[in-house]
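> Residue numbers (the working numbering), protein chains in the order written: chain A, 1 to 170; chain B, 1001 to 1409.
These aren't lab readings, by the way, just hints derived from the structure by calculation.
Glycine included, C-beta positions come from ideal geometry on N, C-alpha and C.
It is possible that some hints are incorrect.
Said to hold, decoys possible - Sample of chain A residues with no beta-carbon within 12 Å of chain B, all distances over it, derived: (1) R31; (2) T55; (3) S56; (4) W61; (5) A119; (6) E156; (7) Q159.
Unchecked claim - DSSO-like, lysine-lysine: derived pairs with alpha carbons at most 30 Å apart: (8) B:K1386 with B:K1236; (9) B:K1188 with B:K1164; (10) B:K1309 with B:K1164; (11) B:K1138 with B:K1188; (12) A:K67 with B:K1138; (13) B:K1008 with B:K1309; (14) B:K1236 with B:K1326; (15) B:K1326 with B:K1309; (16) B:K1164 with A:K125; (17) A:K21 with A:K67; (18) A:K21 with B:K1386; (19) B:K1008 with A:K125.
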Amino acid sequence: MPNYNYRGITLSIPDNDSEYKGYFEAAGEGRLVVKKCSDCGLLRGEPGPGCPWCTSINWEWQQVSGKGTIYSYQVVAHTVIPSFRDLTPFAIVLVELDEQRGEPDEFDGLRITGNLVDADFNMEKEENVGIGKRVEVAFQPVEDGFMLPQWRLIDEPDQGFTWSHEAPEG
Amino acid sequence: MAGNPRDKYCIVGVGETEYSRASGRTTRAMGAEAIRNAMNDAGLTPDDVDGMLSYHGGDSTPSTSIQYDLGIRPNFYMDCSGGGSSTEALVGLAIGAIEAGMCDVVAIFRSMNGYSNIRIGGTGARASAPIGGLDLMKRPYGLISAVQQFSYTFTRHMAEYGVKSEDLAAIKAAHSNHASNNPKALMKHRVTVDDVMNSRWIIRPVAHLLDCCLETDNATCVIVTSAERARDLKHKPIYVKGVQGRGTKPGGDFHYQHGPISRVAGHYVGPRVFDLAGVKHEDVDITGCYDAFTYTVLLQFEDYGWCEKGEGKDYVTSGIINLGGKRPNNLSGGHLCEGYTHGMNMVIENVRQLRGTVDDYCPGALEGDHTYDYSEGGCRQVQDAKISMNMGWGTPAVGSSLIMGNVLS
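Based on the sequences and whatever the hints tell you, model everything.
Encoded structure:
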């Protein structure tokens, strides 16, 4: 893939990037994918080269529904990245996908990072972020067909453990 | 566990440079000074030191340069990649190298212009550098700094166990009280819980500015040798009772894919180091619990078993960790107040505490003549401390621990 530029940051995804290239190629087509072990069949949230459960190095990309629940989050009030300063405060969320939740062990899940954004890909208001909120992937166009997976709130009841901090006023 | 080296090895020398935000010199120059200070502290010459170990994140100077600057010729050296929790682990590796017969005396150093050159937080030009690999999943979302890398764990823990910002602020207040009695500390003034709460937010809901440590320019060094050799040197030998790490959680860098996300590496490191050292929690007089952020302290106290999971907020606000308390923590002020060194200053402090020669404001401090007046600008030497425990933090998933003592078991 060529290099892409997002908010002044050069994203370099060389052809030998066996972990992330396929992930972003699929995102460019509007599909969220994870790696699936070709032997034991388990999915993994981090697209690494081996299966954490059976050590198989045979894998294939698998499309997932793109729906999930906020598992944890952080609201960036101060950023050290100059090109993100105009966005603060903004939320970064760890989303637990609906697929394979609590499997193979109780605390396991497929967890992916992104920003919580609104319909126009502006950062979602801080008071709307919270653990347990339901979200859906949204692909933010960057350049030349490259899209960045982001997350949007959807109108579904909160799921599982729920919590949110008190956002400051104003 | 085969080959438990309990009491067979000692820390015999400690040294550091000034903690500043403008060293005005290279990591090579600082590293040489810190090692020299530690050799002088121990009463060792360059001919005596035949091992060197360092750790770095691409921000230091190799042993093979600094050996020239001090006239040291190592029979063994390694410059390891690593940050927090490396100090403790390298004490273990130094013991291993001596045990293997590769060398006799090892100087372990860390040198970093952590404010004036390469800042851990990735601040400035580094934040806009081209990225690839794992960073692709984080940086485009604005996730870069250390506190951000840890914050999924912090937030989820806060949510599950009802931790308040005030609880975290109490840690900073305690450490600042300690630093106020430390002539070397970069930030010497005492701060209150309100001061922390009123400092600007960095990452909500887990870190105000004063919950974060001080990026610092400094070099630090500790010297390890056999207990036999230590008996002929300048100071009371400080014995290594047990050392463990760097140990990790399942999943390592991707620990948040497994769980529980609010558990940290101390859960795995702790039982092993206590077992190696042959001590129990109640035997420990002082702790050095890595304070990159206030939250790292609270999490480690829980997972090393100083309290039940979820009760860290009570432990850190109980007075136990304060100077004059039952088991004070980070008596130099730690990373939050003395300076950020990737953990070595907390080991150095505990060595001096166990020797009884803390460099506080007592006129006779270096001779071990202390007032034990813990008011501001006074003493910070703990009376009759015999056992210390350091708990180094790399990430939520990575940790090391070192238990030391000033008497044989």
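> Evaluate each hint against the coordinates.
Results of checking the hints against the structure:
1. R31: With a cut-off of 12 Å, R31 of chain A remains clear of chain B, as the shortest Cβ separation is near 16 Å.
2. T55: holds (14 Å)
3. S56: holds (17 Å)
4. W61: Non-interface label stands for W61 of chain A: nearest chain B Cβ at 15 Å, farther than 12 Å.
5. A119: holds (18 Å)
6. E156: Label holds. Min Cβ-Cβ 20 Å, cutoff 12 Å.
7. Q159: For Q159 of chain A, whose nearest Cβ neighbour in chain B is about 14 Å away, the distance exceeds 12 Å, so it holds.
8. B:K1386 with B:K1236: Within the cut-off at roughly 12 Å; holds.
9. B:K1188 with B:K1164: Answer holds: K1188 of chain B to K1164 of chain B is near 25 Å, not above 30 Å.
10. B:K1309 with B:K1164: holds (15 Å)
11. B:K1138 with B:K1188: With Cα atoms ~35 Å apart, K1138 of chain B and K1188 of chain B exceed 30 Å; violated.
12. A:K67 with B:K1138: Satisfied, since the Cα-Cα distance of roughly 19 Å is no more than 30 Å.
13. B:K1008 with B:K1309: Cα-Cα ~34 Å, so violated.
14. B:K1236 with B:K1326: Holds. K1236 of chain B to K1326 of chain B sits at ~24 Å (cutoff 30 Å).
15. B:K1326 with B:K1309: holds (20 Å)
16. B:K1164 with A:K125: holds (22 Å)
17. A:K21 with A:K67: holds (22 Å)
18. A:K21 with B:K1386: This hinted pair is violated, its Cα atoms lying about 55 Å apart.
19. B:K1008 with A:K125: With Cα atoms ~59 Å apart, K1008 of chain B and K125 of chain A exceed 30 Å; violated.
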